[in-house]
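Protein chains: 4
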Amino acid sequence: MRHIFEPALYYNAFGPYEPVLRVASGDTIVTKTLDARGYDQQEQKVAERGNPLTGPFFVEGAEPGDTLQVTIDKAYPNREFGWTRTVIAAHVVDPPYVPEIQSDVELARWRLDLQGGTATLIEPETRLTGTTMPIEPMLGCLGVAPSRHQAISSATSGPHGGNMDYRGLRAGVSVYFPVFEPGALLFVGDGHALQGDGEITGTGIEISFDVELTVRLHKGKEIGWPRGENADSIFTMGNARPLDQGVQHATTEMLRWLRAEYGLDVMGASILLGQCVAYDVGNVFDPAYTMVCKVPKRWLPRK
Amino acid sequence: MRHIFEPALYYNAFGPYEPVLRVASGDTIVTKTLDARGYDQQEQKVAERGNPLTGPFFVEGAEPGDTLQVTIDKAYPNREFGWTRTVIAAHVVDPPYVPEIQSDVELARWRLDLQGGTATLIEPETRLTGTTMPIEPMLGCLGVAPSRHQAISSATSGPHGGNMDYRGLRAGVSVYFPVFEPGALLFVGDGHALQGDGEITGTGIEISFDVELTVRLHKGKEIGWPRGENADSIFTMGNARPLDQGVQHATTEMLRWLRAEYGLDVMGASILLGQCVAYDVGNVFDPAYTMVCKVPKRWLPRK
Amino acid sequence: MRHIFEPALYYNAFGPYEPVLRVASGDTIVTKTLDARGYDQQEQKVAERGNPLTGPFFVEGAEPGDTLQVTIDKAYPNREFGWTRTVIAAHVVDPPYVPEIQSDVELARWRLDLQGGTATLIEPETRLTGTTMPIEPMLGCLGVAPSRHQAISSATSGPHGGNMDYRGLRAGVSVYFPVFEPGALLFVGDGHALQGDGEITGTGIEISFDVELTVRLHKGKEIGWPRGENADSIFTMGNARPLDQGVQHATTEMLRWLRAEYGLDVMGASILLGQCVAYDVGNVFDPAYTMVCKVPKRWLPRK
Amino acid sequence: MRHIFEPALYYNAFGPYEPVLRVASGDTIVTKTLDARGYDQQEQKVAERGNPLTGPFFVEGAEPGDTLQVTIDKAYPNREFGWTRTVIAAHVVDPPYVPEIQSDVELARWRLDLQGGTATLIEPETRLTGTTMPIEPMLGCLGVAPSRHQAISSATSGPHGGNMDYRGLRAGVSVYFPVFEPGALLFVGDGHALQGDGEITGTGIEISFDVELTVRLHKGKEIGWPRGENADSIFTMGNARPLDQGVQHATTEMLRWLRAEYGLDVMGASILLGQCVAYDVGNVFDPAYTMVCKVPKRWLPRK
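The listed protein sequences derive, respectively, from chains A, B, C and D. When we follow the numbering used here, the leftmost residue of the first sequence carries the number 4, and every step to the right adds one. When we follow the numbering used here, the leftmost residue of the second sequence carries the number 4, and every step to the right adds one. When we follow the numbering used here, the leftmost residue of the third sequence carries the number 4, and every step to the right adds one. When we follow the numbering used here, the leftmost residue of the fourth sequence carries the number 4, and every step to the right adds one.
No lab work stands behind these hints, which were simulated from the structure alone. These numbers come from a predicted model, not from an experiment. Errors might be hidden in some of the hints.
Note that identical chains are pooled: a pair holds if it fits in a single copy or bridges any two copies.
[What the hints assert, rightly or not] In silico SDA-like links for lysine to any residue, alpha-carbon gap of 20 Å or less:
no.	residue 1	residue 2
1	K306	R130
2	K48	P10
3	K224	V23
4	K300	P137
5	K77	G223
6	K300	T123
7	K300	T135
8	K300	A174
9	K48	T123
10	K35	E9
11	K222	D76
12	K306	T134
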């Protein structure tokens, strides 16, 4: 079933809130997201800044201990104006260099050509101004209600997903989340038309999005961290600081996956990762960072 | 000039040792490297284990404050037998998971087809055994003598380079090192036929290599961390633990580069990185980890 | 005013929940806390495990941007049986050492002499069994509702306080918290009869407590992290991982304090800290660690 | 035997250098150290800045795999002028706060009363100027030649000791180092008349020292990290970044010690540490940080 959902209420945390819509496994949700400061498709401010989220969506039958698969069918900007911050975050440069990266201009403005799929830097005036780049739309926030009935800010991440800002969360990708609350309680937001690894200025090109998500429930399947899959690879996501701990979470989750579903023992899984693993860097701006552990499907043994 | 150099002596540290050869800027060094345990092309043990290095090569005229460019003209295995470790390092998984990744078998063996450019896993017996993968030869160790007359183990890295285990250090790439000692004192070693990101089992496919390096001296050009360049990108390398600090070092070095040589101010450089940067993970096995900050040449302003 | 409050409901998170009691600035709350597994003074399980909290207490007039002072008038065990875990947490030892610290026995039992103020190890059988130690009762959990309407597990910490497990939070000490929600919403729990620095086994001697807290509201006084004060010292608390970031938070908060209230400029505050600061380690078991930055009152300039 | 040694040559690294003196186990070395910028007792510059070291001292019979005990019989300033830096290091505060801790004045000056045991701040002018504090003289640098024939800068630390800046390394304390080179090759330097935890401004009160050290060789006793002992406690030292890793190294070394020499099994050692351990913070200024794990002798089982 296909639900057209027009959001009216937005949360700034992933938490056990009253669902805005109930859907069944297999259903598709067609909806919209605001930009990170709460502005909608018409550039009207309709919610508080700080990654306001669309949702939560209650998936019938989902219980703690299950896994929720979310396939991103569509994630694309729906207006022509986007913005970014103008300086790299202080904690991403060497501490003594911080005084050199101050700026009075807070925001840069970009004009999008939605049909052509490009973004052009309009202001401020720098040597880059006027540059046009192909967009690569992605979802900064995707996740479910956390464990222990917590409500976790949409400015950070955890085992429940959250603000992971991974460039790989784009149309065509499926992401798997552990279910901690009845109904899973799915949230989405913080679309970026284009973003470098790490979201090191604290933003991608922030803009409102049209989003379509299809949910599928995997009863009794338990995972520890978000997992995902695209045409070429499977991947796992570890959210923590320092990044070293993200590496540990993501690598352990991948080992569990390879051992449980691909018939590999510890040595087989280790040798495979040792020669084929790739790590992608998600968010390094938030309190929790995101590290992605990726394995090409080409080298996976048949299930 | 082209020097054919047959090594006879190997160091297990990057340090201010007596040069084995003196070369001029523009010269090419044709030489060989041992595998990480000190075995040569004939599988004879000729040096101590722990990344024995070929060198140091003294570059005439190099002084502290200069930059040494090293172009990797060739880096390719020269024998048919390679080996890897069989389990992921304890510090790369979640601490409570460590007891699950123990193994009695220390080494896996691979047979290489040097003409075809592939490696086949021979033993131990796992579901992967018999798998044949294309090789991607790279240099695990490349660098110069460190600052303050230190001698730093070839099992770690720093501003001088060292054991960075970055898959990007392969034929066709140029790497730039700060010069700390007269003559720069270039070392090379630890060739890997194939390695995943991070060298998370503590090895790639370890094997002896044929290596050709061309050196060029940039007098009076001062850099803080290793930099590099391939056909598509420029990159910087930060070596430290935790990875977060590697991110800081590499990002700061890239900002310095973009500001000094590409005419970008802080906002321009930040906006460019914010939308276009990619981070690659080098070694996460050693005491110091390696993070690479990469920018596509396509988006760089003309110098 | 002195409120005798008998708790009946316990939360496992610091969050914007319905207050259980409303008090005024200057009031004292006399209440009880459960042990970390939800057992009360009569050793009956009355709440879910994982640091169930007594509260929240609504302080009349408290608004975001204020500071809540909480003086610990009493914090003392109220039963004779306490327990600890028996092995150090995996993440507190070197990763390769983890397989050596496994144990089949989960809990150790201690008998307390409440009048004499001692605890004796009863079981399991080790060379320490029978040892009697003086207790040093302290509160593992103390804090207020977090920012952004979050609900944060009582198994971790943040700017709102939380599960900081600092030995210094004992009778006679005042702690200051930033107010994020109307009424501040104060919580308390997780009493330890005795605990080493870091809570490295994941427990102190866990036991139910009698607690008395006096609250005082400081209108319009804004702080960034918990602060505190005992007879000899003032201190600040930074909660984050890695500990290095805890050092940053706590030191920055101390610099702000010294500059704003003790008339010190940056050099004066730096020189004072450079020669006199002490760092104490709070929790190193939870997702967020706690570092305490402490300055002897003896060396503070008069306000 | 008691050796009076007047140094003439100073190294800025711990490394396998030619010994300046050969001593036997049980001998005492009476010598002097320069201040961190290379100035001697007469305030003459006689060595390069950056913790120039007195030594190395060759201990007859010491071989890799042994342990060298160094008892600090005396460590006391021998001139009246000392200096400190004036601002806290950028990496010790929150990154966005860095621009607020800039200063044009690099150094503060202190006058010492060597008989009275005090230091008085002379300049620059701040609210602290004129304050007189009791000194607590300690050794910033103490250690031996590192493993693998490395030469490691005296501005950092490792398993060999080095620049640990731990306030606990003062007269009356014994420190134990693993031996990596024949003769152990002991170095000493960087005396501080007074220093807060962490050496967060990058200095204590830097000054030249009179030093007396007694060495004792423990043949065949192998340790992994520096250990120590004072009147009340035994302690271990872990040197790494982040501090979390220092906690791991120091705690693991303490567990090894308790198990090997105090007859405790894993549970006994864990329960002891869980209730009694204290962590002290050494240097948090250098590339490697220092964390100290301390246990009161009072609670140790008889050997």
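Structure-based check of each hint:
1. K306 <-> R130: between (52 Å within a copy, 11 Å between copies)
2. K48 <-> P10: within (14 Å within a copy, 43 Å between copies)
3. K224 <-> V23: neither (25 Å within a copy, 38 Å between copies)
4. K300 <-> P137: between (27 Å within a copy, 15 Å between copies)
5. K77 <-> G223: neither (28 Å within a copy, 47 Å between copies)
6. K300 <-> T123: Close across copies (18 Å), not inside one copy (35 Å); limit 20 Å.
7. K300 <-> T135: So K300 and T135 pass the 20 Å test across copies only (15 Å; inside, 34 Å).
8. K300 <-> A174: Intra 18 Å, inter 27 Å, cutoff 20 Å: intra-copy only.
9. K48 <-> T123: Result: close neither inside a copy nor across copies, 23 Å intra and 59 Å inter.
10. K35 <-> E9: Result: close within a single copy only, 7 Å intra versus 47 Å inter.
11. K222 <-> D76: neither (22 Å within a copy, 50 Å between copies)
12. K306 <-> T134: Between. Shortest inter-copy distance 16 Å satisfies the 20 Å Cα cut-off; intra-copy 46 Å does not.
The structure shown violates the earlier hints numbered 3, 5, 9, 11.
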